[in-house]
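Student: Given next are the chains, with one letter for each unit.
Protein chains: 2
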Amino acid sequence: MTEQLPTSSDDVRSNAPLKYAKTVTFDGPIVLEQGGEFSSIDVVYETYGTLNPQRDNAIMICHALTGDSHVAAHDENDDAGWWEIMVGPDKPIDTNKYFIICSNVLGSCRGTTGPGSINPATGQPYGKDFPFITIKDMVDVQSRVLDHLGINKLFAVVGASLGGHQALCWATEYPERVGAIASIATGPTLTSQALAFDVVGRNAITSDPHFHGGQYYDKETKPNTGLAIARMLGHITYLSRESMREKFDENRLEPREVDTEFEKYFSISSYLAYQGDKFVERFDANSYVVISLAMDHFNLGNTHDQLADSLGKSDCRWLIMSFSSDWLFPPFQAKGMRNALISRGKYVSYCNIQSECGHDAFLLPNEFESYGGIVRRFLDTTTVDATFADVDESKLPVDVRSIFNHERLDYDQICNLIEKNSSVLDLGCGQGGLLLRLARQCEASRLVGVELDEANLQKTISLGFDVIQSDLEKGVPMFGDQEFDYVVLSQTLQSVISTEQLIEQMVRIGKKCIVSFPNFAYKDLRNELYHEGVSPGTEHGQLSFNWFDTPNRRFLSIKDWENFCDRKGVKILDAVCLQSETGERVYDDPNLNADLAIYVISK
Amino acid sequence: MTEQLPTSSDDVRSNAPLKYAKTVTFDGPIVLEQGGEFSSIDVVYETYGTLNPQRDNAIMICHALTGDSHVAAHDENDDAGWWEIMVGPDKPIDTNKYFIICSNVLGSCRGTTGPGSINPATGQPYGKDFPFITIKDMVDVQSRVLDHLGINKLFAVVGASLGGHQALCWATEYPERVGAIASIATGPTLTSQALAFDVVGRNAITSDPHFHGGQYYDKETKPNTGLAIARMLGHITYLSRESMREKFDENRLEPREVDTEFEKYFSISSYLAYQGDKFVERFDANSYVVISLAMDHFNLGNTHDQLADSLGKSDCRWLIMSFSSDWLFPPFQAKGMRNALISRGKYVSYCNIQSECGHDAFLLPNEFESYGGIVRRFLDTTTVDATFADVDESKLPVDVRSIFNHERLDYDQICNLIEKNSSVLDLGCGQGGLLLRLARQCEASRLVGVELDEANLQKTISLGFDVIQSDLEKGVPMFGDQEFDYVVLSQTLQSVISTEQLIEQMVRIGKKCIVSFPNFAYKDLRNELYHEGVSPGTEHGQLSFNWFDTPNRRFLSIKDWENFCDRKGVKILDAVCLQSETGERVYDDPNLNADLAIYVISK
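Those protein sequences? They're chains A and B, same order as listed.
Here the first sequence stands for residues 1 to 603, numbered as in the working numbering.
Here the second sequence stands for residues 1 to 603, numbered as in the working numbering.
Rather than coming from a laboratory, the hints here were simulated on the basis of the structure.
None of these values were measured; they are calculated from a predicted model.
Do not take every clue at face value.
[Stated by the list, open to error] From the structure, some residues in chain B lie toward chain A, with a derived Cβ separation under 7 Å:
no., residue
1, V199
2, L233
3, Q354
4, T499
[To be verified] Covered, in the sense of this in silico footprint (three residues per stretch, anywhere, with C-beta under 8 Å from a C-beta of chain B), are these stretches of chain A:
no., region
5, 6-19
6, 215-224
7, 426-433
8, 477-483
Cβ coordinates follow ideal geometry from the N, Cα and C atoms, glycine included.
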């Protein structure tokens, strides 16, 4: 196992012998989605960990375009796998807990039947006679592996990139066989830009004079030039501009010494030439064409409605994860899937991991703490029925957005205002403190959080809640009209700039909405401005922020709020005003005597 | 001339005959930067408009990778040129005012000597014997054209993409021959990502078996497959993801009927195949290799200091323009050049045009109003000595950022506080109203504005000022320590969130700084909160904004400000406090009686 940390996907894939792989042969006819068929196929797979007696702890890991069944080392003497970082004892996908299956995809050149395999009908490699295959065909084959292993339902399917396509296909084609999906660095289809790169790469392969229409297995020279060019191009799309800058900008004109026919003027030239030359040693041109075509034809829809129809077929818990600098599967695609799933009331968490590593980020150590941690917590909380039963609430930190440094009095009030068995959306849920109380005190039927901060998100997921990463300033259009019994905005109104649109969206989404905010017309604050001539919130005041660094952007009073609701046609259903030092409810002139207000409103 | 609007660069380039082109032959030896030489070269160029008797109205337009001398039609019967939109009578580069020169670059296949030209030494095309050329070699040849035309100094050089590289090279290699530079959609060097695409494209060309090391001119079959693949790849980098989505997403699986050997499964496939096939009819593979290598070797530096050293050699007025969705020359490169120029005290305006058209935006009509308008105003104000003499100040709108709806009283005060012949940086300069007064009343020696809004920027440039587009929230690190006599922040402090860093940077950059802001402890505002219990600035108050839609983010009093300066170790040199309704200066308890404060501060 290599000591050096990988810096791109090419560093984690090899053509090492698959010492622990098993092969299963399925006899046909095996009919394909587009009409072709095989009389029989071989499938190579590896497993890790132990299948429990209930046979319900199996996780299928789906590999990417040029990956294989060797996801991780089986022991100390084994070669490292392509997702060594994620899979193993005590790792995020924990082989002490789960039974892991990784099978090589149909069409590959790493064991499972592919264009280079012998066609039983001719005794020669399939070559150009290899039928057109789809992502669904790949997943159908994996489901045969499941049958073979005697597993009825997968605990989860985890996949990134092409593996993500397979995971999405599992969820939509075999909803009854999947408990959870972790969809990473993928999309419901390729963008036209990503598709265009594949097209150019395939054109390089198929127009290589040594390709011979795919019938090159008996030739001395293989279409290696075309395949290397396709790989160079693909490789560029796996890296981000930032990561390429870091790798190559400084020593731009210092190419490595490599033995290649390709251009070597620049350090990036020799790097790409090396990657291209190395790739042809471990991969087959026909497999590249066949698998990339399957990927390019995968399409769950371009519009929200199409996506909702496709993903609406699923019946599992979802984790959707993207990487900010991934331009092969840009985050807007993952957000589209998130929105589609939300619109069909599915259980979904979403996070866009901040990373400069591009598409390859899911294989690299750089953001591993974040994405590995989220996958681990997602899987672990999917196992537990009442996940939040064990959490020690007193250890939850006070939410950072609170302008108060003491206990969140408003949480108790909000819990009192919410009826049992309701569905609740918590906007700006922080680390999940309110969600936890709602789960315990109100026995809420459905709880969803929205939060921007990655670390907070991870903590809320670890409590077992579904959390959507989103910026409230950009609104929450992904939620449907009257989708929740309650929408809560606790101590966040004053720090949001897009006040009007947010309140408008809240009353659209929630049958009732609860808004808590500090009252800036509270007598102490009035006195401060009136008598001392300083902005409320200076060091002299009871609030800990200065005018120049307060996280608050809006300064409103209870009276301002009521005027606002009146003006916007928003109904006030209930109001609780508190004096937070005593914790007492204020009935006498709350705009003067209360410093904390909790309002229940509706359309 | 075609009626249809172009949607990519391929729509504006043709291999039409160059009816109005002139050819000039330069006899050598013509020695190249990297040591090669020509015994003689031909240069093809076109001119538009009339050279004035002073011979000082000539603009050199530099073309992009596959362009030519035909920048625009010469008359109604002529074919459209590649920059028809920009060049002509009354167009942004106005042939009624300027004498335009566009010469085909060295190495091209559109008239000027290139690899397909006859090598006098052999009587055969140069092919692989064509020497290695650089951007400087291209510009050296253009300077010979200038000599030939009897022009000593260019009024301006305008160039985009590879043409931008030439413009940058003009500025740094011939500073005495250039009055102004408009550098559009270009960078000081290629990013490693952009370079990587060129490398892959060239590898496709040179590994085409019909390339024969460049000696293919006498062969029946040309390396058209490799060239077409390089072009497809290049074409993807000219479009943005958004523009590709718009073009291809909806009808993904509906390829056009084109006669091609390339893949046609998807609409994007047939489009790229068509563009590739069409391109080989008008361009030569060796020219593509030679010119793209020149581009790839162009490097004014990767670090700020290197860039400052390179660009510091220039002695002209600068316009730097980028496009937000250009990922071939991403805006950060243009910003790097902007910063380098500023650090050397050069006259520079910068704008990043918001566009979804990618690199091709500079050729397309979509954002033409904006980028065409800015180029027009930049050129036109470079001609006039005292540009702001003619402007009717009363027609300048009140700055949108002002919280006051009446006259900008603070402008007069600021002008009074600034000594004559000073250099002034105006942060958040709006449409240039204060800059204009400073120019007239204070006869400022150097005036620079910083503004975020594109439309405001255009108006300020049209007054003849240098304006830098930048977001004050992200700071102004591009300006040097104590670079200006004064830095002004007028009525903007209260709408900036990053208050501390902005003030810190101001006192770093300015020997003195002037800050004007509204006093939120003004008595009327105090009364409003104290007696009415509403946030100052509601409809009942003298300010026109509501708490929920005010552009203000910070609410400070004069006392708050003085405490802040004290705390930060900022010296208060002078202060003027006003009651804005009467316009009178307030000496008695300004924190109570003044609603507008103007402070002079320093480190």
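Student: Determine for every hint whether it applies to the structure shown.
Tutor: Right, here's what the structure says about each hint:
| no. | hint | result |
| --- | --- | --- |
| 1 | V199 | 5 Å, holds |
| 2 | L233 | 5 Å, holds |
| 3 | Q354 | 17 Å, violated |
| 4 | T499 | 4 Å, holds |
| 5 | 6-19 | violated (count 0) |
| 6 | 215-224 | violated (count 0) |
| 7 | 426-433 | violated (count 0) |
| 8 | 477-483 | violated (count 0) |
Hints 3, 5, 6, 7 and 8, counting from the list given before, are not met by this structure.
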